[in-house]
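So in numbering that gives the first Met the number 0, spot 54 of the sequence shown is number 53, and the numbers just go up one at a time.
No lab work stands behind these hints: they were computed from the structure.
One should not assume that every hint holds.
Heads up, simulated BS3-like pairs for lysine-lysine below, C-alpha to C-alpha not over 30 Å straight-line [to be verified]:
id	residue 1	residue 2
1	K155	K182
2	K155	K296
3	K296	K105
All values reported here derive from a predicted model rather than from experimental measurement.
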Amino acid sequence: MDFGLVLQTDPPASTVVGLMRRAERNGFRYGWTFDSAVLWQEPFVIYSRILEHTRQMHVGPMVTNPGTRTWEVTASTFATLNDMYGNRTVCGIGRGDSAMRVAGRKPNTLARLGEAIGVIRDLAEGREAEVDGQRLKLPWVRDGRLPVWMAAYGPKALALAGQKADGFILQLADPFLTEWMVKAVRTAAVEAGRDPASVTICVAAPAYVGDDLGHAREQCRWFGGMVGNHVADLVARYGEHSGLVPDALTDYIKARQGYDYSHHGRADNPDTAFVPDEIVDRFCLLGPVEAHIEKLKALRDLGVDQFAVYAMHDAREAVIDAYGERVIPALS
């Protein structure tokens with residue numbers, strides 16, 4: 000199992016770079032960041048610095064979207080980083096939650112997202128692709144490589160990930176839901192004539208190491224609120240108890256009353272009081288090291304290839320070090 004670190008690009012950027020360097024020293028192979036241009040600093044500028052100051056770490060957004068940048072610009076940016084640092088980027092992509100909504104736009108449609116996956120990958124790898132009716136090619140790309148991993152929750156999005164993406168990003172660490180969603184992605188891959196094992200499975204969630212479970216929950220409760228934004232979209236689309244989405248995912252948002260993106264992904268988010276302890280425990284990895292190892296082994300047995308640690312809490316360095324000293328060696 001590989002490990003990644005997920006950060007927000009809060010200033011100063013030097014702190015983000017320093018944490019990624021620390022993560023690589025501790026055995027993390029991937030460095031991810033949020034991508035919302037209004038809420039945080041521009042991640043692609045910071046990726047260049049991370050790549051310069053690491054040796055093997057792969058970097059990318061968790062996640063970008065097909066709406067805030069034109070597709071040829073996204074592809075060219077990735078291809079430039081790859082040309083400079085040797086194919087060490089991954090394009091995590093989704094419909095767009097905070098990036099689109101903070102800018103007053105609706106998330107992209109799945110049809111648009113599916114088209115963008117192929118176009119961005121083709122352009123970044125030096126092939127010709129069509130953008131808005133125009134055939135384009137980046138003539139300077141040589142030996143480019145850009146895996147595109149798609150974030151998804153609902154049945155149609157999971158099917159799209161299996162049909163078109165190189166990897167699937169699941170932003171929660173509940174084994175029951177992981178099993179259900181991984182199965183959906185792999186089934187879609189088979190039906191599309193693809194090898195299901197070729198789709199990399201990445202689970203991303205907060206991890207907090209320590210014996211004070213109450214404090215750990217309060218530091219990670221924001222995550223249930225963030226996931227709740229996507230769950231609310233699913234309920235609006237499919238309804239409650241539809242059978243198309245597990246009740247284990249949707250039931251907890253009944254008391255949700257809104258969301259202020261100025262607190263998005265932060266431990267002090269006041270809009271997450273509706274998230275019960277049970278959801279925090281299911282979606283995150285909390286407690287002593289042994290509890291983390293046990294849950295990660297269960298996820299690995301379900302086919303998870305990478306666990307990406309969301310580190311938006313008050314113990315970032317401690318968690319990075321604890322994973323490097325005890326967790327990563329146990330899962331290698």
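Checklist entry - Which hints from the list above does the structure break, by number from lowest to highest? => result Hint check: 3 fails alone, others pass.
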